[in-house]
Amino acid sequence: MVPTMVPTRAPELDVPYSFCSQPRSLAPRPKYREQSSAAETEKGPRRYGNIMIDPRVVRGNALSLRLLPEGAQPSTPEVKKPKKARKKLPATKLTQEQIRPGTPEPVEGREHVYVQTELYLEEISDRIIEVDGECQTDEFLDRPPTPLFIPAKTGKDVATQIEEGELFDFDIEVKPMLEVLVGKTVEQALLEVMEEEELSQLWSHQRAFAELRNAEFAELQRLEEQDRRIREEKERRRLEHLEKLQKQKETAEKVAARAFAQRYLADLIPSVFNNLHDSGFFYDPVERDIETEFLPWLMSEVEETLQKKVLGRMMLDSLIRMVVEKRLDEYSHPPPCDQTEAPAEDPRATDAAPQVSGEANAADQPVAEE
Amino acid sequence: MAQPRISAYLPPDIDPTKAPLAFGRRALPKLNEELQSPELLTQQRALMALCDLVHDPEKVYQAIALGFLDSLKTLLVHHDQTVRQKATEVLSIMALHSIGRQGLIKSGVISALTGLLDDPVDICRKNTHQIFDMMAKLPEGAGGVLQAGLIPPLVLKLKTELDEIQELILDTLSNCLRVEVSEALAAGAVTVLKEKLSHPSTAIRSKAAWVLLEISSHAEGKIAVCKEEVIPVLVSLLEDTQPEVQVNTTGALMFAAVTPQGRSSAMGAEAIPPLLKLVAEETSKARLNAIKTLTLLAELPEGRQTLLDHRDTFQRCLDDPSEAVQRAAEIAITVIEWKP
Chain A
5 MVPTMVPTRA PELDVPYSFC SQPRSLAPRP KYREQSSAAE TEKGPRRYGN
55 IMIDPRVVRG NALSLRLLPE GAQPSTPEVK KPKKARKKLP ATKLTQEQIR
105 PGTPEPVEGR EHVYVQTELY LEEISDRIIE VDGECQTDEF LDRPPTPLFI
155 PAKTGKDVAT QIEEGELFDF DIEVKPMLEV LVGKTVEQAL LEVMEEEELS
205 QLWSHQRAFA ELRNAEFAEL QRLEEQDRRI REEKERRRLE HLEKLQKQKE
255 TAEKVAARAF AQRYLADLIP SVFNNLHDSG FFYDPVERDI ETEFLPWLMS
305 EVEETLQKKV LGRMMLDSLI RMVVEKRLDE YSHPPPCDQT EAPAEDPRAT
355 DAAPQVSGEA NAADQPVAEE
Chain B
13 MAQPRISAYL PPDIDPTKAP LAFGRRALPK LNEELQSPEL LTQQRALMAL
63 CDLVHDPEKV YQAIALGFLD SLKTLLVHHD QTVRQKATEV LSIMALHSIG
113 RQGLIKSGVI SALTGLLDDP VDICRKNTHQ IFDMMAKLPE GAGGVLQAGL
163 IPPLVLKLKT ELDEIQELIL DTLSNCLRVE VSEALAAGAV TVLKEKLSHP
213 STAIRSKAAW VLLEISSHAE GKIAVCKEEV IPVLVSLLED TQPEVQVNTT
263 GALMFAAVTP QGRSSAMGAE AIPPLLKLVA EETSKARLNA IKTLTLLAEL
313 PEGRQTLLDH RDTFQRCLDD PSEAVQRAAE IAITVIEWKP
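Residue numbers (this note's numbering), protein chains in the order written: chain A, 5 to 374; chain B, 13 to 352.
The set of hints was computed from the structure by calculation and includes no laboratory data. Where a beta carbon is used, it is the ideal one built from N, C-alpha and C, also for glycine. There's no promise every hint is true.
Pairs of lysine-lysine residues, derived as BS3-like cross-links and limited to a Cα-Cα distance of at most 27 Å, are as follows [what the hints assert, rightly or not]:
id	chain 1	residue 1	chain 2	residue 2
1	B	K208	B	K149
2	B	K71	A	K188
3	A	K188	B	K30
4	B	K138	B	K171
5	A	K248	A	K258
6	B	K138	B	K85
7	A	K238	B	K351
8	B	K71	B	K42
9	B	K30	B	K71
A few chain A residues that face chain B, going by a derived Cβ cut-off under 8 Å, partial list only [claimed, not checked]:
id	residue
10	F221
11	A222
12	E223
13	Q225
14	R226
15	E229
16	Q230
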């Protein structure tokens, strides 16, 4: 059984001791016993008795055997009871431990004396030989650990010994175990290696696929690019062709328009010329000259001449008038009837003169118009 | 006194860093409850145990059916770095199984992971990028990554991240850009990739060339590639000694040369001699791509003239064991001998 550990000491350094019961000072022994219980119950200020003269304190050698005097102890009720019990039943209840079996009563006349019967006499005295000795303990050490309690051996010792080779043959027995161990390890290792190989195979497969895919993709893109270029080229050519056609059409139209215009215009010129000619834009300058200058001059000359003629006639008319007026004047002294005839003649003459001039003017005008 | 512990030594297979597993079917539900507990140590131990369990596909199936992904999503933003690291590790192992991938797409874990791109811990970021990489291999996963708007941040991260994380980012980008390329072009991916083409590490160079290949398989990508003048760099990379770099470079050139500008730019950079060298090598993996590129270049008049002298090289390619190479060689010969 493993011994229990020593209870660890309290770590307080200023209290070196531990007690089962704390020390307390005793109250002074009361003089009168009847007061003892009263003094115990009193909780008033403790009066400390002198420990040096207290008869209760044991003096002298602490290790000597001594019996307490009966009277020294205050008889408490618990102590009183067994005393009383003992007093009541002296003979029957006495155990062997309480009363030693006494020797029989001495015969009459004799006296029993205590005598030492050992080989060597011993001096018995109350006063024990005392020798003062001093000893000083060391500083308080920790209580050493309880030594291992090994219970005393009980029972009968029996021994048995397995000799080598009796139980089993190690080499043979260990073989299957070793095989399993080694086999499992190797199998595990093989599995791991195979897995790694498989993994690397998968990776290389994937790589190869990726390469192929990339190559194919590049090819695809190349063909796409080519296709795109070809299509663009085609588109461009087509557009060019369209443009060309467009231009051709335009040119044809232009040519047609030109031809048409030429034809139209070819007819146009003679008619234009004719019209112009008709409207007099083309003229013979001499003729024009004659017409514009010569003929007006001629007409004006003619008009002048005619006007001169007219003037002459008017002059003549006026002359005639004057003559007639003069004659009238001359004849007015004679009968006045000639006066009325003369003015009537004058207006007729004057009418005739403007008429004649009017006729002459009228004749002038058609000639000028020509 | 008798005690339940027989010996002072713990039994050999108890790992104090892992949570003890309940028996049978109860293991995962119990771990789920432990994941949601407020105590940090419980959560960490549950995550460690979960990491080991998740290697089994059946457990993945059960975990997704139990709704582990939601609790893991909340743990992704935990303040403790171990929790975050383990959570991302669990998710990355789950992403290795197809059920896991589908579950991740359905529960929208990808958008939750965007916040982890700037995590200070390297392992968290690496796991996050591993998840993205695995997800991008699926078409729906690539679509999910694109929808979460991850391409611009990933392109930005390419400039600043560690090398191995850069490889993961390049893989992710190559799978995503196969689908759609406009976002990446807007984020200036071509410039970044042009720098990466001259990186000392072989893997990064070959992967950068692969991403350029994917970009230039789209029309707008081709235009961007021509504009940024990546073609001369690619032509110079043709001289590289590593076969993967050669393969990817020729592939990128193949796609870039489809447009007329690309073609003229490639001719200007004198791409024909190195390509012919690659075609002449019997065991080169880049043969197919090189033949295709030369086919494209042969559509230009100058190219055709030059290649008319090298027809015998293509004749030899007709004996190649791979069928694709044979076909490509035939097409090449047809194009070279075409007369307008």
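Results for each hint:
no.: 1; hint: K208(B) to K149(B); result: holds (22 Å)
no.: 2; hint: K71(B) to K188(A); result: holds (23 Å)
no.: 3; hint: K188(A) to K30(B); result: holds (26 Å)
no.: 4; hint: K138(B) to K171(B); result: holds (15 Å)
no.: 5; hint: K248(A) to K258(A); result: holds (15 Å)
no.: 6; hint: K138(B) to K85(B); result: holds (17 Å)
no.: 7; hint: K238(A) to K351(B); result: holds (17 Å)
no.: 8; hint: K71(B) to K42(B); result: holds (13 Å)
no.: 9; hint: K30(B) to K71(B); result: holds (17 Å)
no.: 10; hint: F221; result: holds (6 Å)
no.: 11; hint: A222; result: holds (4 Å)
no.: 12; hint: E223; result: holds (6 Å)
no.: 13; hint: Q225; result: holds (4 Å)
no.: 14; hint: R226; result: holds (5 Å)
no.: 15; hint: E229; result: holds (5 Å)
no.: 16; hint: Q230; result: holds (7 Å)
Consistency with the previously given hints is maintained throughout, with no hint failing.
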